Amino acid sequence: MYEHKFVRIELSSFNKPKGDYHEVIYEHEKDGWELVQIFAPGTKSYGMSAFFEIIFKRKKNKD
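Numbering of the sequence shown is given in my numbering, commencing with residue 1266 and proceeding in unit increments.
These are calculated hints, taken from the structure and not from any lab test.
Since we're looking at a predicted model, the values are computed, not measured.
Every residue gets a Cβ at the ideal spot worked out from N, C-alpha and C, and that includes glycine.
Take the hints with a grain of salt, since some may be wrong.
Claimed, not checked - With a straight-line cut-off of 25 Å between C-alpha atoms, the simulated PhoX-like cross-links for lysine-lysine are:
hint, residue 1, residue 2
1, Lys1270, Lys1325
2, Lys1322, Lys1295
3, Lys1324, Lys1295
Stated by the list, open to error - Between beta-carbon pairs, the in silico distance windows are:
hint, residue 1, residue 2, range
4, Gly1307, Lys1327, 35 to 41 Å
5, Leu1300, Lys1327, 32 to 38 Å
6, Lys1327, Gly1284, 29 to 35 Å
7, Gln1302, Met1266, 17 to 23 Å
8, Met1266, Ser1314, 15 to 21 Å
Starting from the given sequences, assemble the full structure and let the hints guide the process.
So this is what it looks like as structure tokens:
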């Protein structure tokens, strides 16, 4: 079984990330998260995205 985490990264008006998404990925990898996908829905004008989500997964701990 896996658990998933979704991290939202807002984009500026020129479709540039407002934060350093590389650091987000590096920090999550240190905690055992594996990058699955970067998803960018077309939600603004002209089909541009207002944000993207970084999707991670890791195996659930058996308690």
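Hint by hint, here is what the structure shows:
1. Lys1270 <-> Lys1325: Distance of about 12 Å is within 25 Å: holds.
2. Lys1322 <-> Lys1295: Answer holds: lysine 1322 to lysine 1295 is near 13 Å, not above 25 Å.
3. Lys1324 <-> Lys1295: holds, 14 Å
4. Gly1307 <-> Lys1327: 35 to 41 Å: For glycine 1307 and lysine 1327 the Cβ distance comes to about 39 Å; the hint holds.
5. Leu1300 <-> Lys1327: 32 to 38 Å: violated, 23 Å
6. Lys1327 <-> Gly1284: 29 to 35 Å: holds, 34 Å
7. Gln1302 <-> Met1266: 17 to 23 Å: With a Cβ separation near 19 Å, glutamine 1302 and methionine 1266 satisfy 17 to 23 Å, so the hint holds.
8. Met1266 <-> Ser1314: 15 to 21 Å: violated, 30 Å
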